[in-house]
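Take the sequence shown: its letter number 191 is residue 191 in the UniProt record's numbering, and every next letter is one higher.
One or more hints might be untrue.
Stated by the list, open to error - FRET-style restraints, in silico, Cβ to Cβ:
hint, residue 1, residue 2, range
1, 32, 178, 40 to 50 Å
2, 180, 217, 25 to 35 Å
3, 230, 22, 54 to 64 Å
Said to hold, decoys possible - With a straight-line Cα cutoff of 20 Å, these simulated SDA-like cross-link-like pairs (lysine to any residue) come out:
hint, residue 1, residue 2
4, 41, 228
5, 109, 66
6, 41, 232
7, 109, 56
8, 109, 183
9, 109, 181
10, 109, 186
11, 41, 220
12, 153, 174
13, 41, 72
14, 109, 179
15, 109, 148
16, 109, 57
17, 109, 153
18, 153, 66
19, 109, 85
20, 109, 141
21, 109, 64
22, 109, 37
23, 153, 74
24, 153, 165
25, 41, 31
26, 153, 182
27, 41, 30
28, 109, 72
29, 153, 173
30, 41, 233
31, 109, 78
Please keep in mind that the hints were generated in silico from the structure rather than gathered at the bench. Every residue, glycine too, gets a C-beta built ideally from N, C-alpha and C.
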Amino acid sequence: MHTVIETNEARRPWGLAAFLVLALAAFVALGIWQVQRLQWKHALIARVDARVHAEPIPLPADDRLARVKGSDLDYLRVSLQGSYEGSATVLVRAATDLGTGYWTMTPLKLEDGRQVWVNRGFVPAGTGASAAAASTPAGAVRVVGLLRSDEPKGSLLQSNQPQDDRWYSRDTTAMAAARGIGRVVPAFVDAQAEQARRPAGPKPAGPKPGAPAPVPGLTQIHFPDNHLSYALTWFALAAMSAMALVFVWRRRRWNG
Numbered sequence: 001m002h003t004v005i006e007t008n009e010a011r012r013p014w015g016l017a018a019f020l021v022l023a024l025a026a027f028v029a030l031g032i033w034q035v036q037r038l039q040w041k042h043a044l045i046a047r048v049d050a051r052v053h054a055e056p057i058p059l060p061a062d063d064r065l066a067r068v069k070g071s072d073l074d075y076l077r078v079s080l081q082g083s084y085e086g087s088a089t090v091l092v093r094a095a096t097d098l099g100t101g102y103w104t105m106t107p108l109k110l111e112d113g114r115q116v117w118v119n120r121g122f123v124p125a126g127t128g129a130s131a132a133a134a135s136t137p138a139g140a141v142r143v144v145g146l147l148r149s150d151e152p153k154g155s156l157l158q159s160n161q162p163q164d165d166r167w168y169s170r171d172t173t174a175m176a177a178a179r180g181i182g183r184v185v186p187a188f189v190d191a192q193a194e195q196a197r198r199p200a201g202p203k204p205a206g207p208k209p210g211a212p213a214p215v216p217g218l219t220q221i222h223f224p225d226n227h228l229s230y231a232l233t234w235f236a237l238a239a240m241s242a243m244a245l246v247f248v249w250r251r252r253r254w255n256g
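Sequences are here, hints too, so could you generate the full structure?
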């Protein structure tokens, strides 16, 4: 009798049962985490949507821009007033609904003395930096656009090559160093609208005829929202683990 009890004890799948319990706990935890991520993502989308459609506000101070996380100010709608430094224009590789080409990045010297890079819009492949710069309006301008976080070093697949004037991300500090324009705001602005101001006196020279005009307003605002499907997947795996645990334990009883 004693030998039979020991044999039944040995047959109990304690290791497999422990594994299934751990898997069940892990899958439930991951499912709950995805539900929390879902709530956070929906709050982020609502916050960004409100920013994009809000009335534009002045550009925040540099210390605030440097202090807060990028996502806390991303897509904030701002209004800028100043004059472009067209000769410092940089072209950054871009892929948009209009095709492949470049973002036209031009520094804007604000009335308070600060400099901020402005993405004036998209120009098609084959456009040179000098041609894009020729489209820059002279004199005072007002720009309304969306504040964006700096994009240091390069894209996921390619690093910026300042020495060859090849840019794959909007790295504001590196672009400023390459063009020798000094300190810039640690962010950039995607222009939605650009309006030249008309001061009293002689009319300032405008863009050169035939210069390609950048197409503004192409900011891509997209946040992957797969958290619900991920949560359902983790909870389904948790349910399968629970069913497997019940099956293993019942089979042990049948074999006992």
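Here is how each hint holds up against the structure:
For residue 32 paired with residue 178, a C-beta distance near 47 Å keeps the hint of 40 to 50 Å intact. At roughly 30 Å, the beta carbons of residue 180 and residue 217 sit within the given window of 25 to 35 Å. At roughly 20 Å, the beta-carbon separation of residue 230 and residue 22 lies outside the given 54 to 64 Å, and the hint is violated. In summary, the hint linking residue 41 to residue 228 is supported, as the alpha carbons are separated by about 11 Å, within the 20 Å threshold.
The straight-line distance between the Cα atoms of residue 109 and residue 66 is roughly 19 Å, inside the 20 Å bound, and the hint therefore holds. In summary, the hint linking residue 41 to residue 232 is supported, as the alpha carbons are separated by about 16 Å, within the 20 Å threshold. For the given pair, residue 109 sits about 18 Å from residue 56 by alpha-carbon distance, which is consistent with the 20 Å threshold. For a cut-off of 20 Å, the pair hint linking residue 109 to residue 183 stands: about 11 Å separates their Cα positions.
Between residue 109 and residue 181, the direct Cα distance comes to roughly 10 Å. Compliance with the 20 Å bound is thereby established for this hinted pair. For a cut-off of 20 Å, the pair hint linking residue 109 to residue 186 stands: about 14 Å separates their Cα positions. Between residue 41 and residue 220, the direct Cα distance comes to roughly 17 Å. Compliance with the 20 Å bound is thereby established for this hinted pair. Annotation: proposed proximity of residue 153 to residue 174 holds, straight-line Cα distance about 8 Å (limit 20 Å).
In summary, the hint linking residue 41 to residue 72 is supported, as the alpha carbons are separated by about 13 Å, within the 20 Å threshold. Distance hint between residue 109 and residue 179 is fulfilled; the C-alpha atoms sit about 14 Å from each other, no more than 20 Å. Of the supplied pair hints, the one linking residue 109 and residue 148 holds, its CA atoms being roughly 17 Å apart against a limit of 20 Å. Taking the CA atoms of residue 109 and residue 57, the gap is about 17 Å. The hint holds against a cut of 20 Å.
Under the criterion of a C-alpha separation no larger than 20 Å, the hint pairing residue 109 with residue 153 is inconsistent with the structure, at around 24 Å. Of the pairs offered as hints, the one joining residue 153 and residue 66 holds, with about 18 Å between alpha carbons and a cut-off of 20 Å not exceeded. About 7 Å separates the Cα atoms of residue 109 and residue 85, which keeps this hinted pair within 20 Å; it holds. At most 20 Å may separate the alpha-carbon atoms for a hinted pair to count; residue 109 and residue 141 meet this at roughly 10 Å.
Distance check on the hinted pair: residue 109 and residue 64 sit about 19 Å apart at the alpha-carbon level, within 20 Å; holds. Among the hinted pairs, residue 109 with residue 37 is inconsistent with the structure: their alpha-carbon atoms are about 40 Å apart, more than 20 Å. Our distance criterion of 20 Å between C-alpha atoms is met by residue 153 and residue 74, whose separation comes to about 19 Å. Our distance criterion of 20 Å between C-alpha atoms is met by residue 153 and residue 165, whose separation comes to about 13 Å.
Proximity of residue 41 to residue 31 is assessed by CA-CA distance (about 15 Å); at most 20 Å being required, the pair is judged to hold. Restraint check: the Cα-Cα separation between residue 153 and residue 182 comes to about 18 Å, which is no more than 20 Å; the hinted pair holds. Simply put, residue 41 and residue 30 have alpha-carbon atoms about 16 Å apart, close enough for the 20 Å limit, and the pair holds. About 24 Å separates the Cα atoms of residue 109 and residue 72, which puts this hinted pair outside 20 Å; it is violated.
In summary, the hint linking residue 153 to residue 173 is supported, as the alpha carbons are separated by about 10 Å, within the 20 Å threshold. Distance hint between residue 41 and residue 233 is fulfilled; the C-alpha atoms sit about 18 Å from each other, no more than 20 Å. Our distance criterion of 20 Å between C-alpha atoms is met by residue 109 and residue 78, whose separation comes to about 15 Å.
The structure shown violates the earlier hints numbered 3, 17, 22, 28.
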